[in-house]
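**Student:** Going by UniProt numbering, the sequence shown opens with residue 1, and the numbers climb by one from there.
Everything labelled a hint here was simulated from the structure, so no lab data went into it. Think of the CB as a built atom: it goes at the ideal place given N, C-alpha and C, for glycine as much as any other residue. Accuracy of the hints is not assured; some may be wrong.
[What the hints assert, rightly or not] Pairwise CB distance ranges (calculated):
hint: 1; residue 1: Gly189; residue 2: Ala47; range: 13 to 23 Å
hint: 2; residue 1: Met207; residue 2: Thr243; range: 19 to 29 Å
hint: 3; residue 1: Arg144; residue 2: His70; range: 16 to 26 Å
hint: 4; residue 1: Gly88; residue 2: Pro131; range: 41 to 51 Å
hint: 5; residue 1: Gln141; residue 2: Gly26; range: 31 to 41 Å
hint: 6; residue 1: Gly46; residue 2: Ala224; range: 31 to 41 Å
hint: 7; residue 1: Gln141; residue 2: Ala81; range: 14 to 24 Å
hint: 8; residue 1: Thr2; residue 2: Ile27; range: 39 to 49 Å
hint: 9; residue 1: Glu257; residue 2: Glu135; range: 39 to 49 Å
hint: 10; residue 1: Pro25; residue 2: Arg144; range: 26 to 36 Å
hint: 11; residue 1: Pro186; residue 2: Glu228; range: 23 to 33 Å
hint: 12; residue 1: Pro63; residue 2: Gly164; range: 37 to 47 Å
hint: 13; residue 1: Arg144; residue 2: His206; range: 32 to 42 Å
hint: 14; residue 1: Asp163; residue 2: His206; range: 30 to 40 Å
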Amino acid sequence: MTTIDRIYILDGGIAEVEDGSIYSPGINVGVPMTLSCNAYLIRHRGAWLIWDTGIEDELAKHPEGRIIAHGIRGIVRRPIADQLDEIGVRPRDIRTILLSHAHFDHIGNVDLFENARWIAQRAEFEAMFGPEPEEFGYSFQHYRMLKERPYEIVDGDHDIFGDGAVRMIFTPGHTLGHSSLMVRLPRRGAVLLSGDVAHNRENLRHMRVPSFNADQQATVASMAKVVELLRVENAEIWINHDTAESVELPHAPDWIE
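Work out the full structure: start from the sequences and follow the hints.
**Tutor:** What follows is the structure in structure tokens.
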């Protein structure tokens, strides 16, 4: 089966909360938590794709960060644009943009990628551009330009290039159109990029549903889907917001094959 060439993990900032139980009701009540927020730059047959875009680079000008949604503070220390420059990739070189969902820590830098075609889940697209995006915790001003650029709407699981190297996996629940991403690396093998299907390994193991998720039942079903997919594909999972796990993985400018 075809693989991608390589993947870079980009530092998309951190999210801080004063009460970690918003991610696991009844657990970690009143315990502050810091969550990693990564973006992923993927090279496939010499072309560039980005999965999620982190918290907006503009916040790097504010060392204390800013509370943006759900009482969550976003902090940026390494702008995505600077990390791309380190790698030698210009934002205009990136041809495809994929988003797990439209919360601020995943769509903060979509403005950078003017030449990229966006492939969007229909349910997420309709929530993002529906009458009340703020109902889902979205900040419309962060992504409104996406509708003015080339885009493609898909429904459910979708093979991005038609060769099995990059597959969007429909995992709704956190948001109505949330997705995860399965990539096949030449040496490491299959890796599932979680998006926010679960915020850490404990939550996935115990199928804990954050209090602000859009659909509790769909979240649990998506977690079960992911666990089965990992088994069938003999894949590992990189949980985007699991800070302890994230620090163990090499970040850009290093890459993983």
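**Student:** None of the hints should be skipped; say for each whether it holds.
**Tutor:** Against the structure, the hints come out as follows:
1. Gly189 <-> Ala47: 13 to 23 Å: Given about 22 Å between the Cβ atoms, the range holds.
2. Met207 <-> Thr243: 19 to 29 Å: Distance hint for Met207, Thr243 holds at roughly 20 Å.
3. Arg144 <-> His70: 16 to 26 Å: holds, 21 Å
4. Gly88 <-> Pro131: 41 to 51 Å: holds, 43 Å
5. Gln141 <-> Gly26: 31 to 41 Å: holds, 35 Å
6. Gly46 <-> Ala224: 31 to 41 Å: Since the Cβ atoms of Gly46 and Ala224 sit about 37 Å apart, the hinted range of 31 to 41 Å holds.
7. Gln141 <-> Ala81: 14 to 24 Å: The hint (14 to 24 Å, Cβ to Cβ) holds, given that Gln141 and Ala81 are roughly 19 Å apart.
8. Thr2 <-> Ile27: 39 to 49 Å: 41 Å Cβ-Cβ, so the 39 to 49 Å window holds.
9. Glu257 <-> Glu135: 39 to 49 Å: holds, 41 Å
10. Pro25 <-> Arg144: 26 to 36 Å: holds, 33 Å
11. Pro186 <-> Glu228: 23 to 33 Å: For Pro186 and Glu228 the Cβ distance comes to about 25 Å; the hint holds.
12. Pro63 <-> Gly164: 37 to 47 Å: With a Cβ separation near 43 Å, Pro63 and Gly164 satisfy 37 to 47 Å, so the hint holds.
13. Arg144 <-> His206: 32 to 42 Å: holds, 37 Å
14. Asp163 <-> His206: 30 to 40 Å: holds, 36 Å
Going through the hint list in order, the structure satisfies each hint without exception.
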